[in-house]
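Asker: Chain residues, written in single-letter form:
Protein chains: 2
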Amino acid sequence: MRQLLVVGTMALDTVRTPFGAATEVLGGSATYFATAASFFANVNLLAVVGEDFPEAHIAFLRNRGVDLSGLERSKGKTFRWHGDYTSQLNEARTLETHLNVLESFRPQLPAHYRTPELLFLGNIDPEIQMEVLNQVTRPQIVACDTMNFWIDGKRDMLWDVLKNIDVLIINDAEARALGQDSNLVKVARVILERGPKYLIIKRGEYGVLMFHGTHVFGTLAFPLEHVLDPTGAGDTFSGGFMGYLASTGDWSDAGLRRAIIFGSVMASFTVESFSLDRLRALQYSDIEARFRAFKRLAHFEDLS
Amino acid sequence: MRQLLVVGTMALDTVRTPFGAATEVLGGSATYFATAASFFANVNLLAVVGEDFPEAHIAFLRNRGVDLSGLERSKGKTFRWHGDYTSQLNEARTLETHLNVLESFRPQLPAHYRTPELLFLGNIDPEIQMEVLNQVTRPQIVACDTMNFWIDGKRDMLWDVLKNIDVLIINDAEARALGQDSNLVKVARVILERGPKYLIIKRGEYGVLMFHGTHVFGTLAFPLEHVLDPTGAGDTFSGGFMGYLASTGDWSDAGLRRAIIFGSVMASFTVESFSLDRLRALQYSDIEARFRAFKRLAHFEDLS
Numbered sequence: 000m001r002q003l004l005v006v007g008t009m010a011l012d013t014v015r016t017p018f019g020a021a022t023e024v025l026g027g028s029a030t031y032f033a034t035a036a037s038f039f040a041n042v043n044l045l046a047v048v049g050e051d052f053p054e055a056h057i058a059f060l061r062n063r064g065v066d067l068s069g070l071e072r073s074k075g076k077t078f079r080w081h082g083d084y085t086s087q088l089n090e091a092r093t094l095e096t097h098l099n100v101l102e103s104f105r106p107q108l109p110a111h112y113r114t115p116e117l118l119f120l121g122n123i124d125p126e127i128q129m130e131v132l133n134q135v136t137r138p139q140i141v142a143c144d145t146m147n148f149w150i151d152g153k154r155d156m157l158w159d160v161l162k163n164i165d166v167l168i169i170n171d172a173e174a175r176a177l178g179q180d181s182n183l184v185k186v187a188r189v190i191l192e193r194g195p196k197y198l199i200i201k202r203g204e205y206g207v208l209m210f211h212g213t214h215v216f217g218t219l220a221f222p223l224e225h226v227l228d229p230t231g232a233g234d235t236f237s238g239g240f241m242g243y244l245a246s247t248g249d250w251s252d253a254g255l256r257r258a259i260i261f262g263s264v265m266a267s268f269t270v271e272s273f274s275l276d277r278l279r280a281l282q283y284s285d286i287e288a289r290f291r292a293f294k295r296l297a298h299f300e301d302l303s
Numbered sequence: 000m001r002q003l004l005v006v007g008t009m010a011l012d013t014v015r016t017p018f019g020a021a022t023e024v025l026g027g028s029a030t031y032f033a034t035a036a037s038f039f040a041n042v043n044l045l046a047v048v049g050e051d052f053p054e055a056h057i058a059f060l061r062n063r064g065v066d067l068s069g070l071e072r073s074k075g076k077t078f079r080w081h082g083d084y085t086s087q088l089n090e091a092r093t094l095e096t097h098l099n100v101l102e103s104f105r106p107q108l109p110a111h112y113r114t115p116e117l118l119f120l121g122n123i124d125p126e127i128q129m130e131v132l133n134q135v136t137r138p139q140i141v142a143c144d145t146m147n148f149w150i151d152g153k154r155d156m157l158w159d160v161l162k163n164i165d166v167l168i169i170n171d172a173e174a175r176a177l178g179q180d181s182n183l184v185k186v187a188r189v190i191l192e193r194g195p196k197y198l199i200i201k202r203g204e205y206g207v208l209m210f211h212g213t214h215v216f217g218t219l220a221f222p223l224e225h226v227l228d229p230t231g232a233g234d235t236f237s238g239g240f241m242g243y244l245a246s247t248g249d250w251s252d253a254g255l256r257r258a259i260i261f262g263s264v265m266a267s268f269t270v271e272s273f274s275l276d277r278l279r280a281l282q283y284s285d286i287e288a289r290f291r292a293f294k295r296l297a298h299f300e301d302l303s
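From first to last, the protein sequence lines are chains A and B.
Position 277 (the first sequence) corresponds to 276 in numbering that gives the first Met the number 0; numbering is contiguous.
Position 165 (the second sequence) corresponds to 164 in numbering that gives the first Met the number 0; numbering is contiguous.
Same shape as in the complex, but just chain A (with noise of 0.2 Å):
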């Protein structure tokens, strides 16, 4: 069984939406992700918790069969997020963040997290992805995503981890971010010359594009009529995505294009409640389900 690790936050999140509010409550890119690829793969969960991190949550973790050796619980608080969305759910505003036991992170990887087939590098300061690609024997997938804080702050450090990693996911607005134009196509080509052999880039309700070379692959978001809270939606796409290419080592196109559907696939759960809650009752059965529905989707028949 191939080995998938992650490195990340985990959070308590306190979160608005305009259909209800939930209070400090699991977050964090590594939860997502750790919960969304445990349907699929073997996680190995790289994060730092404080003192007050509630143990339930750790347990939730451990019973999705992720390996928790590389969560280190320091002195101090937890991460905290706070933040609200608008009524088309599109961008979160950040009310408030709070680093806390992350503000003194340095990765230390077990002995058995060193040889992982695959590696995420969630949205977390690019000196620390930096210090866990130094610390892996070159895994066969890298992915690695980011946020406008360090494309705007780190971008010399950023551009180094990206020269390193095979597969880029990030938002549009990051993406146009880092590429500096407003057009995706030429975004996609400024960065995939200079790092990167695919490129993710997600767009909320209306789904992702992926790049690679001069091909396009894409798919619209589910259209869902209950949509309670998108926080961890591109977490939750990461971790499908990744967890689904764990379980087949199939990184030809067809293989990346059915990972792109299972992550949609996870992501198009996690909105529909408040924190993990959906993918805690969720069943295999219902991730092959919805991808039959994406099929429904979009596919149209030939020309004869």
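Among the hints, a few may not be true.
Since the list gives no way to pick one copy over another, a pair counts as held whenever it fits inside one copy or between any two copies.
[Stated by the list, open to error] Computed list of lysine to any residue pairs in SDA-like fashion (alpha-carbon distance at most 25 Å, straight line): (1) Lys196 with Glu300; (2) Lys74 with Ala172; (3) Lys185 with Arg202; (4) Lys185 with Ser272; (5) Lys162 with Asn182.
Derived by calculation from the structure, the hints in this document are not laboratory data.
Got chain A sorted already, so can you dock chain B onto it with the hints?
Answerer: This is chain B only, laid out in the frame that chain A set:
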């Protein structure tokens, strides 16, 4: 050969985008629709222009095989629209509208226009749309477009029209205004309960969704590096959609899906230049090639 009737506007547009500007160029919903549809079917056009409308534009449509018996030339000036777009090209801002000869337009259908198999009611006063409906034997497929101006100003009249059509084709902002909700799946349910059998929601650079009962089909817009002017993309979509249906007579689910793709193909060409310039140079082989590109964009392998 099936007859496809379109009623709508013919206009002289003045447009500015971040990539250029065009002054007093050929535009209007009926113009874009008829030109796109003419690649697939026989089009009968019903519209009004003023004394100042250039003969060359009429010759262009005639050369494309469009029947202009229903084109009225009235005393006065042609309808004019003046608008611009900001950098992401998603929404036009109207700077000026001069209705001119449109203000007194009362459609009179030539005898051979009164039994079309397909009818498209372009975005125009719902009272005019109703007058056209009243002058034709019920076609097999009636599609209709509208805009927020009529949704807000003539909502009851508009609903009367919508009860008599098969396919409503509007953009996402219009759908939300008509269905009075921000969620498009809810909006579709509300609208389909009251009127048309199919709701097609155009989302600009994000593509198109088609709702029918509880079914949904969708496509991304084709990712393009060179988008100069989105004006007319929506009417071009409708022209490709209805023109393809007219060419096949196939209103099955598979036929409608393909029609959505052909509509999207035609729209993807229109935005590549100002006015109808890209359509002027278009070959049918270009259309087929892009249809295949849409398939490569969207299709993925089934679960094994």
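Asker: If the cut is 25 Å between Cα atoms, do Lys196 and Glu300 qualify within a copy, between copies, both or neither?
Answerer: between (30 Å within a copy, 22 Å between copies)
Asker: When no copy is specified for Lys74 and Ala172, does a C-alpha distance of 25 Å or less occur within a copy, between copies, both, or neither?
Answerer: Answer is neither; intra-copy 35 Å and inter-copy 50 Å both fail.
Asker: Give the relationship of Lys162 and Asn182 under a CA distance limit of 25 Å: within one copy only, between copies only, both, or neither.
Answerer: Close inside one copy (22 Å), not across copies (40 Å); limit 25 Å.
Asker: With identical chains treated as interchangeable, where does the CA-CA distance between Lys185 and Arg202 reach 25 Å or less: within a copy, between copies, both, or neither?
Answerer: Both: 16 Å inside a copy, 21 Å across copies.
Asker: Given a CA cutoff of 25 Å, do Lys185 and Ser272 count as a within-copy pair, a between-copy pair, both, or neither?
Answerer: between (35 Å within a copy, 17 Å between copies)
In the structure shown, a violation is registered for the earlier hint numbered 2 alone.
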